[in-house]
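Undergrad: Now for the letters of each chain:
Number of protein chains: 2
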Amino acid sequence: ETERVLNKRLLDKITDPKTAAKLIENGMTVATSGFTPSGYPKEIPLALASRIKNDCEFSINLFTGASVGKELDSSLTKKNSISRRFPYQTNKEIRDKINQRRIHYEDIHLSQFTQEVRYGYFGNIDVAIIEAVKITPEGYIIPTTSVGATPTFCHLADNIIVEINTTKPLFLEGIHDIYLPNDPPDREPIPIMTPKDKIGTPYIKIDPNKIKAIVFSDKQDENIPFAPANQVSQDIAYHLISFLKKEVLQGRLPENLLPIQSGVGEVANAILKGLLDSPFKNLTLYSEVIQDSVLDLLDHRTIDFASSTSLTLSKEGFNKLYNNINKYKDQIVLRSQEISNHPEIIRRLGSIAINTAIEADIFGNVNSTNIMGTQMVNGIGGSGDFARNSSLSIFTTPSIAKDGHISTIVPMVSHVDHTEHDVKVIVTEQGLADLRGLSPIEKAESIIENCAHPSFKPQLRKYLTNGTKQVGHTPHILENALDWHINFLKSGSMKD
Amino acid sequence: ETERVLNKRLLDKITDPKTAAKLIENGMTVATSGFTPSGYPKEIPLALASRIKNDCEFSINLFTGASVGKELDSSLTKKNSISRRFPYQTNKEIRDKINQRRIHYEDIHLSQFTQEVRYGYFGNIDVAIIEAVKITPEGYIIPTTSVGATPTFCHLADNIIVEINTTKPLFLEGIHDIYLPNDPPDREPIPIMTPKDKIGTPYIKIDPNKIKAIVFSDKQDENIPFAPANQVSQDIAYHLISFLKKEVLQGRLPENLLPIQSGVGEVANAILKGLLDSPFKNLTLYSEVIQDSVLDLLDHRTIDFASSTSLTLSKEGFNKLYNNINKYKDQIVLRSQEISNHPEIIRRLGSIAINTAIEADIFGNVNSTNIMGTQMVNGIGGSGDFARNSSLSIFTTPSIAKDGHISTIVPMVSHVDHTEHDVKVIVTEQGLADLRGLSPIEKAESIIENCAHPSFKPQLRKYLTNGTKQVGHTPHILENALDWHINFLKSGSMKD
Ligand SMILES: CC(C)(COP(=O)(O)OP(=O)(O)OC[C@H]1O[C@@H](n2cnc3c(N)ncnc32)[C@H](O)[C@@H]1OP(=O)(O)O)[C@@H](O)C(=O)NCCC(=O)NCCS
Ligand SMILES: CC(C)(COP(=O)(O)OP(=O)(O)OC[C@H]1O[C@@H](n2cnc3c(N)ncnc32)[C@H](O)[C@@H]1OP(=O)(O)O)[C@@H](O)C(=O)NCCC(=O)NCCS
Numbered sequence: 001e002t003e004r005v006l007n008k009r010l011l012d013k014i015t016d017p018k019t020a021a022k023l024i025e026n027g028m029t030v031a032t033s034g035f036t037p038s039g040y041p042k043e044i045p046l047a048l049a050s051r052i053k054n055d056c057e058f059s060i061n062l063f064t065g066a067s068v069g070k071e072l073d074s075s076l077t078k079k080n081s082i083s084r085r086f087p088y089q090t091n092k093e094i095r096d097k098i099n100q101r102r103i104h105y106e107d108i109h110l111s112q113f114t115q116e117v118r119y120g121y122f123g124n125i126d127v128a129i130i131e132a133v134k135i136t137p138e139g140y141i142i143p144t145t146s147v148g149a150t151p152t153f154c155h156l157a158d159n160i161i162v163e164i165n166t167t168k169p170l171f172l173e174g175i176h177d178i179y180l181p182n183d184p185p186d187r188e189p190i191p192i193m194t195p196k197d198k199i200g201t202p203y204i205k206i207d208p209n210k211i212k213a214i215v216f217s218d219k220q221d222e223n224i225p226f227a228p229a230n231q232v233s234q235d236i237a238y239h240l241i242s243f244l245k246k247e248v249l250q251g252r253l254p255e256n257l258l259p260i261q262s263g264v265g266e267v268a269n270a271i272l273k274g275l276l277d278s279p280f281k282n283l284t285l286y287s288e289v290i291q292d293s294v295l296d297l298l299d300h301r302t303i304d305f306a307s308s309t310s311l312t313l314s315k316e317g318f319n320k321l322y323n324n325i326n327k328y329k330d331q332i333v334l335r336s337q338e339i340s341n342h343p344e345i346i347r348r349l350g351s352i353a354i355n356t357a358i359e360a361d362i363f364g365n366v367n368s369t370n371i372m373g374t375q376m377v378n379g380i381g382g383s384g385d386f387a388r389n390s391s392l393s394i395f396t397t398p399s400i401a402k403d404g405h406i407s408t409i410v411p412m413v414s415h416v417d418h419t420e421h422d423v424k425v426i427v428t429e430q431g432l433a434d435l436r437g438l439s440p441i442e443k444a445e446s447i448i449e450n451c452a453h454p455s456f457k458p459q460l461r462k463y464l465t466n467g468t469k470q471v472g473h474t475p476h477i478l479e480n481a482l483d484w485h486i487n488f489l490k491s492g493s494m495k496d
Numbered sequence: 001e002t003e004r005v006l007n008k009r010l011l012d013k014i015t016d017p018k019t020a021a022k023l024i025e026n027g028m029t030v031a032t033s034g035f036t037p038s039g040y041p042k043e044i045p046l047a048l049a050s051r052i053k054n055d056c057e058f059s060i061n062l063f064t065g066a067s068v069g070k071e072l073d074s075s076l077t078k079k080n081s082i083s084r085r086f087p088y089q090t091n092k093e094i095r096d097k098i099n100q101r102r103i104h105y106e107d108i109h110l111s112q113f114t115q116e117v118r119y120g121y122f123g124n125i126d127v128a129i130i131e132a133v134k135i136t137p138e139g140y141i142i143p144t145t146s147v148g149a150t151p152t153f154c155h156l157a158d159n160i161i162v163e164i165n166t167t168k169p170l171f172l173e174g175i176h177d178i179y180l181p182n183d184p185p186d187r188e189p190i191p192i193m194t195p196k197d198k199i200g201t202p203y204i205k206i207d208p209n210k211i212k213a214i215v216f217s218d219k220q221d222e223n224i225p226f227a228p229a230n231q232v233s234q235d236i237a238y239h240l241i242s243f244l245k246k247e248v249l250q251g252r253l254p255e256n257l258l259p260i261q262s263g264v265g266e267v268a269n270a271i272l273k274g275l276l277d278s279p280f281k282n283l284t285l286y287s288e289v290i291q292d293s294v295l296d297l298l299d300h301r302t303i304d305f306a307s308s309t310s311l312t313l314s315k316e317g318f319n320k321l322y323n324n325i326n327k328y329k330d331q332i333v334l335r336s337q338e339i340s341n342h343p344e345i346i347r348r349l350g351s352i353a354i355n356t357a358i359e360a361d362i363f364g365n366v367n368s369t370n371i372m373g374t375q376m377v378n379g380i381g382g383s384g385d386f387a388r389n390s391s392l393s394i395f396t397t398p399s400i401a402k403d404g405h406i407s408t409i410v411p412m413v414s415h416v417d418h419t420e421h422d423v424k425v426i427v428t429e430q431g432l433a434d435l436r437g438l439s440p441i442e443k444a445e446s447i448i449e450n451c452a453h454p455s456f457k458p459q460l461r462k463y464l465t466n467g468t469k470q471v472g473h474t475p476h477i478l479e480n481a482l483d484w485h486i487n488f489l490k491s492g493s494m495k496d
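For the protein sequence lines, the chains are X and U, in the order given.
Each step along the first sequence adds one to the number in this note's numbering, with nothing skipped, and position 344 is 344.
Each step along the second sequence adds one to the number in this note's numbering, with nothing skipped, and position 337 is 337.
Looking at chain X on its own, in the form it has when it is part of the complex:
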């Protein structure tokens, strides 16, 4: 304890989770640390949930960095105690309640969320619950394995509860770079010129008087299962890496590319693994997550440096990180999500953005959030921050889903998260469509020929041919545009 709470005056704030959780009252807005199940508080939400006896007797608005683990989202959802939830989630229980519209969920660009909290768009923050490795002598907070929205929450919250996680090593101190921009009209340029530039402090500066309780936890974050790459992901990775090589050959990208952003999941992992076996060297990552494969890439100097807002590692990944922490501290920095996803930096660096689609349409629009236009999966997360402001915006998806009953290439997506204006390249295991400089009709031809699954190509061609019998820049036939989805909902298949 005494090595984790270095501010003497705060020692008497140390208490048990149950007592600390009493600070959270019905109707409050509670904001927590946590990003892609990493670095979120566990003991306090569990204590809070176990206090709630009856359905509907208690509810809070819950703001986080991004997705958090079951100890927070599930435990409170099971007690029907979340009324409003921003800006992102990946948890089954809460997703179900969102789709039942029992929880009001707004799906917000991750870089914009914190500034909008500061602008007062979502009201006051009553309590922030922050996972930390320690509190400094000044009373400042050293976060754990993610930064997320924590600096803004600490800045704004009336009260702060700190959850010191003793499973997270003290030597994480120094891996964070905390920078809170001024708000307009006083905002200044953010002086990041390369992914490795550090511009802030290793701690989150707060008013220590706001810390009303400190609890200790030895609970691990929800485990991220390691996703082995299947053939489909490997094929997608192959097409994508071949494309990047070609871009270098044609002088459109430098030999060490430009800073890469890549999401989480199987395909992302396969792409990163693919880079390991490629001739690429001295790459950089400016992204929002660091997953296991990034450590391998850093070891091999395929990647020189990785900037992120969270460490989304498996248990083995964390062991590896901790066993070589001094080396990795020179190669990794964790920033707030506002900075890791900031349009200014992404545009300046010329990021290569690689994100995943649920479905894409033949005219280049992408759905990343709402299955069949209605059922929320996770949310847009940072994909919009990166896709819009990158120099090259790439979307990947397997060409089929649900045992081939669903084509992820459709006439018209049932929900749009990334517009035709923001999608430059689409890759499936079938191949890659380079959409730059193409008109809608040319995009459609390229996407159908290169990306669609053979079992759906004739049906897509038919849609396009029918469309082109009419006048129109984007030759849709509205009567049939959503038929594929309607058929799937009726018959379980998109096939004619």
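Worth flagging that the hints you see were computed from the coordinates, not collected in a lab.
Just so we're clear, the structure is a prediction, and the values are computed from it rather than from any experiment.
Mixed in with the good hints there might be a few duds.
Because identical chains cannot be distinguished in the list, a pair is counted as satisfied if it fits within a single copy or across any two copies.
What the hints assert, rightly or not - Computed list of lysine to aspartate or glutamate pairs in DMTMM-like fashion (alpha-carbon distance at most 20 Å, straight line):
1. K53 - E93
2. K196 - D183
3. K490 - E479
4. K97 - E442
5. K198 - E188
6. K469 - D96
7. K205 - D126
8. K495 - E479
9. K212 - D12
10. K196 - D186
11. K281 - D186
12. K329 - E173
13. K210 - D126
With the hints as your guide, set chain U with the ligands onto chain X.
TA: Frame of chain X, contents of chain U with the ligands only:
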């Protein structure tokens, strides 16, 4: 002539349009100055068009800043001599050909277009045709009434033709601020901290050897008819300005707001006029167009300063500008479209973005480009640059179109340019929906109640009620989602 071409070595490049136009050969990519029919070349394109005898004997790719006048888009379209056209247009002849798919049109974010040209995404630029007020002793170019994409085009083009427009006064020199950013990985922060900051040069620096021909023109730009504000626009302006006042009262905006971006057209004009009669003072504009009403606002010090990439004034507006040029030169700056629309600056300044929708759906998605999902109107222009990166993104539209047969508030838009993530406020003459912090179902209720026309409210409520019988975060009924558009196409009305 001698006062307009100050570089002695270039005097022998002065020639007639017909001769100059010979530099443009079949198959070339030609890039021109011009933004929102302002500052585009006229004599060369007319000479080129009159050279083309037969349909299909000749075609070029035509890149511009944004929309240009009939001397360029119409004259070449009439000869079927444009094969590819980026990134924006507002011309009837070319729009028709785009909708017939006789011209390949890619609709590109205006801030992104120039960097993508530099990245080589669209191939080589053979010839640039640039309207200028003069050529400096060094051989540099002083542009006329817009900057647009000109600096990039001059930088990249193999050859440059300068069209000196003698109707545009020499004293325009000094109103421009030309800054061409480095490309990644060497890009640096763009040091604009307020709309009035000048960071570049008053001229476009070029290699004078690239100037292969200089012609003189006394042709005026296509006339922008002045749009008087009707009642609907005035009502929209009223709701919007009341909302801004409330934001100030509630401490979410400073008293002089944050830099405003506003489009062209009737509603935009009414909003600017509305500001004139409001208590607001010392506002600033960071936008892409300056229209007549901005001059009035500058005169009254409602607006202190206006930054833009183009002057889109009526004849009377230009007269007023020219008669008071010294005063206005302290209050107006023209930048390249990459800078006027740059995500970095818009985000830093915290711009208030006000753009126009063709239609919006009840879940907050906006269509700005494709009527009935198929027919291109103009293009996304700068609306995406501003909406995504602003601190407050507002869309306006009259609630009905085509004598009330069309509701601009629909169950599902037929094309998405601005996603639910990017639309914070929707305003019609009926009222204003503030969507911040709302879930889709709450957005739908707010948009229907506040924005829809009374004659369509019951039908919209019915759609929503039916949707909410099912599970789903976004309660669409895909079978009916596009019925309103389908009905309009069949029967001429969206009414049930
Ligand atoms: C798009 C996204 C949901 C894909 O995630 P993923 O894990 O690669 O996707 P999966 O292939 O496992 O698909 C997820 C589910 O959707 C289903 N699915 C996939 N495509 C589908 C489609 N077109 N129609 C219907 N269902 C589909 C899958 O079958 C799977 O369902 P199941 O869980 O019932 O088996 C995810 O990447 C995401 O949330 N992206 C948005 C956030 C983001 O991009 N963040 C930025 C970087 S971190
Ligand atoms: C959206 C946009 C087309 C609206 O322009 P506008 O001049 O205000 O629109 P109008 O109300 O005059 O409508 C234009 C036409 O579309 C029709 N229209 C408008 N809404 C419609 C709808 N929902 N369905 C069908 N037609 C519609 C109008 O009837 C009119 O047709 P007409 O010319 O045959 O009479 C225009 O603002 C635009 O191109 N925006 C994108 C670019 C942009 O925002 N730039 C950034 C700032 S400069």
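Undergrad: Each hint: holds or not?
TA: Taking the hints in turn, this is what the structure says about them:
no.: 1; hint: K53 - E93; in the structure: within (18 Å within a copy, 69 Å between copies)
no.: 2; hint: K196 - D183; in the structure: between (24 Å within a copy, 18 Å between copies)
no.: 3; hint: K490 - E479; in the structure: both (17 Å within a copy, 11 Å between copies)
no.: 4; hint: K97 - E442; in the structure: between (41 Å within a copy, 16 Å between copies)
no.: 5; hint: K198 - E188; in the structure: both (16 Å within a copy, 16 Å between copies)
no.: 6; hint: K469 - D96; in the structure: between (42 Å within a copy, 16 Å between copies)
no.: 7; hint: K205 - D126; in the structure: within (18 Å within a copy, 55 Å between copies)
no.: 8; hint: K495 - E479; in the structure: both (17 Å within a copy, 17 Å between copies)
no.: 9; hint: K212 - D12; in the structure: within (10 Å within a copy, 80 Å between copies)
no.: 10; hint: K196 - D186; in the structure: between (25 Å within a copy, 14 Å between copies)
no.: 11; hint: K281 - D186; in the structure: between (39 Å within a copy, 19 Å between copies)
no.: 12; hint: K329 - E173; in the structure: within (9 Å within a copy, 52 Å between copies)
no.: 13; hint: K210 - D126; in the structure: within (11 Å within a copy, 63 Å between copies)
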